[in-house]
Amino acid sequence: YKADFFPIKITMDNFITRKESKCPYGFNASSSEGGLIHWEGNLSVNPFRSDGRFSLTGFNRRLLYEYFKDLVRFDMTRGSADLSGRYVLDASGESTHFELIDAHLQVSELNLTEKGDDRSLVSIPFLAVNRASVNLTKKEAIIDLVSSRDAQIDGWLTPDGIINYQTLFAAKESGDKKDTTPSAVKQPEEESHPWRVVVNELELANYTILFEDQTPDKPVRFLLKPLTIRLKNLSNQKNVPVEVAFHCKA
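Numbering (the working numbering), first residue to last: 1 to 250.
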């Protein structure tokens, strides 16, 4: 993987190592593929702390997909993303505190296919994640709104009873075989404080779902269009009620 960023501009004002001194900084870079990075805030080296805001705009298919294409089974033929937000980093204590605040992500014109096949399986013209926050200390991620519209999803159930997305999104196996004997396999440690994830609202509007069941001798095709789903109070916590609204024309 190779990505060229030019020009790169870094600015720092009144940089000093004196305790509790803050140094305003800025970082700007442009990619030859069109992506822009803007980062600014304050930096303290004694103790090490930083806070500020950032934005990544115009990150297109090459910048996004080329980095991990050898690890996945799907091809990303189109797509771009913009990301912005604020952050707080504090390494002055026994453990490092990092917090992402008021983050916004927008994905545009995303299209996924099987490698070697031009048939579109996932087409999402618009997807937005708004007002997201992540706190690593509290192990908490809260998203105010996830919205998407005008997408088309094409799937099928094979004669062997496997949904095509099970293989499409399965990670590629490493070429080196791992030792799976009980003594070689590290047992996962029990998590004392699991992550809390909340999505206050999820809206999928004007979706089209195409699905084919290939298990019968004569395949059965299903079409849901236009499909709109609204969910509120989504959470990975137990016994949390979810509000659901579903609309689809027959």
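Treat the hints with care, as some may be off.
Said to hold, decoys possible - Below, in silico cross-link-like pairs of lysine-lysine (DSS-like), each with a Cα-Cα straight-line distance of 27 Å or less:
hint, residue 1, residue 2
1, LYS139, LYS238
2, LYS238, LYS138
3, LYS172, LYS115
4, LYS69, LYS138
5, LYS69, LYS172
6, LYS249, LYS218
7, LYS225, LYS249
Said to hold, decoys possible - Label-pair ranges, simulated between beta-carbon atoms:
hint, residue 1, residue 2, range
8, HIS193, ASN28, 20 to 28 Å
9, HIS193, PRO125, 32 to 40 Å
10, LEU223, CYS23, 56 to 64 Å
No lab work stands behind these hints, which were simulated from the structure alone. The beta-carbon is built from N, C-alpha and C at its ideal position, and this holds for glycine as well.
Going through the hints against the structure:
no., hint, result
1, LYS139 <-> LYS238, "holds, 16 Å"
2, LYS238 <-> LYS138, "holds, 18 Å"
3, LYS172 <-> LYS115, "holds, 13 Å"
4, LYS69 <-> LYS138, "violated, 33 Å"
5, LYS69 <-> LYS172, "holds, 10 Å"
6, LYS249 <-> LYS218, "holds, 25 Å"
7, LYS225 <-> LYS249, "holds, 6 Å"
8, HIS193 <-> ASN28: 20 to 28 Å, "violated, 38 Å"
9, HIS193 <-> PRO125: 32 to 40 Å, "holds, 39 Å"
10, LEU223 <-> CYS23: 56 to 64 Å, "holds, 59 Å"
When each numbered hint is compared with the structure, violations occur for hints 4, 8.
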